[in-house]
Amino acid sequence: MIGASVRDQAALWMARARDPRFSDWDALTDWLEADPAHNLAYEAAFAGHDLADILSTAPAMPEVVVAPTASRWRKRGFIGGGLIGTAAAAAAVFALVAPLGVQSAEMVAETAPGQHRLIHLQDGTEIALNGDTRLVLDASNGRTARLERGEAMFNVVHDETRPFTVDANGTRIVDIGTRFDVVQSTRGGEVAVAEGAVLYDPNGAAVRLGAGRLLRRAANSPIVEVSQTDPAKVGAWRSGHLVYRDAPLWRVADDLSRTTGSRIRVEPGIANRPFTGAIVITAADRHGALPQRLGAVLDVTVARQPNGLYLKARAPH
Amino acid sequence: MGGPNIPALNIVALPTPGYDGRGDGRTGRDMVTSGLSAVLIANRAPLLRFLRARGAGDDAEDIMQELWLKVDRLEAEGPIADPRAYLFRMADNLMHDRVRASLRRGHREQAWSETGYDPAGQDETPSAERTLAARQRLRQVERALATLGERSQAIFRRFRIDGVAQSKIAQEEGISLSAVEKHLQRAYRVVAALADEEQEGDTPPSRSQTP
Chain A
151 MIGASVRDQA ALWMARARDP RFSDWDALTD WLEADPAHNL AYEAAFAGHD LADILSTAPA
211 MPEVVVAPTA SRWRKRGFIG GGLIGTAAAA AAVFALVAPL GVQSAEMVAE TAPGQHRLIH
271 LQDGTEIALN GDTRLVLDAS NGRTARLERG EAMFNVVHDE TRPFTVDANG TRIVDIGTRF
331 DVVQSTRGGE VAVAEGAVLY DPNGAAVRLG AGRLLRRAAN SPIVEVSQTD PAKVGAWRSG
391 HLVYRDAPLW RVADDLSRTT GSRIRVEPGI ANRPFTGAIV ITAADRHGAL PQRLGAVLDV
451 TVARQPNGLY LKARAPH
Chain B
616 MGGPNIPALN IVALPTPGYD GRGDGRTGRD MVTSGLSAVL IANRAPLLRF LRARGAGDDA
676 EDIMQELWLK VDRLEAEGPI ADPRAYLFRM ADNLMHDRVR ASLRRGHREQ AWSETGYDPA
736 GQDETPSAER TLAARQRLRQ VERALATLGE RSQAIFRRFR IDGVAQSKIA QEEGISLSAV
796 EKHLQRAYRV VAALADEEQE GDTPPSRSQT P
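Residue numbers (this note's numbering), protein chains in the order written: chain A, 151 to 467; chain B, 616 to 826.
Quick caveat, the hints were computed from the structure, so don't treat them as lab data. A portion of the hints provided could be inaccurate.
[Claimed, not checked] Label pairs and their calculated CB-CB ranges:
hint, chain 1, residue 1, chain 2, residue 2, range
1, B, L747, A, A421, 25 to 31 Å
2, B, G764, A, P418, 23 to 29 Å
3, A, R299, B, R713, 46 to 52 Å
4, A, A446, B, Q751, 35 to 41 Å
Each residue gets a CB set at the ideal place from its N, CA and C atoms; glycine is no exception.
With these hints in hand, go ahead and build the complete structure from the sequences.
Spelled out as structure tokens, the structure:
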């Protein structure tokens with residue numbers, strides 16, 4: 151039986167040794183050598199360290215933005231379910247069949263802004279396309295896709311011998327048994343993992359992204375940035391929920407454009423302003439109720455333009 | 616990065632193969648090797664001592680070899696601020712991995728895979744139960760940590776999840792480094808007890824802790 155004081159000491163050594171700047175390993179060795187029970191307690195603390203990793207999946211920020219009418223919108227979104235029904239009705243469901251005798255057949259799946267589409271592959275893999283998206287599938291093997299534009303959520307049936315690969319933003323992503331979301335736009339790309347893991351750029355950086363990881367990379371930049379996201383919210387756009395943590399406004403505008411079908415652009419000066427919060431798209435939004443709501447939630451002035459909306463910085467009071 | 620730096624040794628020529636007196640036949644490639652390998656050789660004895668203290672027993676030499684191979688594969692990674700500490704950390708993790716692996720092999724394996732608990736995160740099989748179990752575990756951990764004060768919780772999150780160094784946290788919080796350690800010690804005590812309970816499985820958890 152390990153005593154309480156040994157457990158206390160082990161917890162302290164664990165706290166010290168997990169610090170990246172810890173260097174007094176000889177003192178730790180001395181302590182461990184003093185009694186075999188010390189190592190057992192140290193291992194228990196190490197297991198606790200592992201266990202605590204689960205905290206990374208908890209959203210550190212509230213999910214709904216604190217805005218005057220946020221709760222009302224949210225409620226409406228859930229009751230009305232506006233886009234959910236519309237999306238389901240609009241979803242084109244079809245099976246991908248490789249044409250016989252064709253070596254490398256490409257199948258193009260494309261959606262208009264505001265349109266959702268669900269693709270079923272023969273192996274059971276599902277790909278949900280958001281609006282304004284173009285995805286090219288290699289029909290000869292059924293395990294390679296190229297996201298040319300827009301956003302797609304992949305629910306991959308894992309096959310060790312035939313990993314599913316997605317090319318986006320000039321980089322390859324390989325699944326390790328997973329559900330993940332990929333965004334590709336002229337400004338850059340994003341990969342968010344809901345379950346399992348993917349390998350980003352397997353032949354280069356080989357960044358392994360587990361559930362709840364979000365990787366961003368700006369176009370023409372070699373720098374990738376990895377942060378946390380709520381895995382339960384990855385791909386939530388499919389039910390009309392757009393959830394962000396520190397996402398640049400341009401990204402929010404891109405998503406809104408894809409999801410609602412109306413073209414939304416951001417003034418360059420505020421394009422990189424970070425936004426944290428949730429936007430629930432309702433049926434009313436598709437019929438013109440969006441502008442006032444967006445103004446409040448994103449703290450911008452919304453100007454109507456012939457072909458969409460323009461988000462500008464609010465004039466100082 | 617500050618810290619107690621050992622001057623970066625990029626390329627060093629080692630005296631002769633068999634320098635460590637083991638004559639393990641790994642010659643030929645040994646003439647030129649990276650700084651990290653050199654630090655490994657220089658710290659062979661204290662590392663072995665550490666491995667034994669960490670429960671390596673008769674396997675210490677084998678694990679040392681494993682460490683050597685790992686270091687060998689790391690060559691291209693660029694400079695490391697404190698190579699000696701880096702090697703001890705590798706050794707520490709290696710021993711921890713072995714414990715986890717043997718636990719997985721043992722009879723507890725089933726209980727773990729049933730609840731989806733995999734501290735190594737190596738089981739990638741997605742499933743609804745796994746997600747559910749993860750949520751439950753998250754609640755357990757949060758509840759356990761909630762027995763501590765707000766400050767201990769916040770400091771633990773900052774350290775464990777945000778990966779902020781303790782010296783930085785001390786600055787942020789305006790407290791001493793040892794005060795930060797104290798907060799973290801309490802948090803580690805709590806999560807260690809919880810991990811213990813998980814591993815006990817069906818047997819009643821020992822509740823001897825809680826100071």
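Okay, the hints, checked on the actual structure:
no.: 1; hint: B:L747 - A:A421: 25 to 31 Å; verdict: 39 Å, violated
no.: 2; hint: B:G764 - A:P418: 23 to 29 Å; verdict: 46 Å, violated
no.: 3; hint: A:R299 - B:R713: 46 to 52 Å; verdict: 47 Å, holds
no.: 4; hint: A:A446 - B:Q751: 35 to 41 Å; verdict: 37 Å, holds
Consistency with the previously given hints fails for numbers 1 and 2, ordered from lowest to highest.
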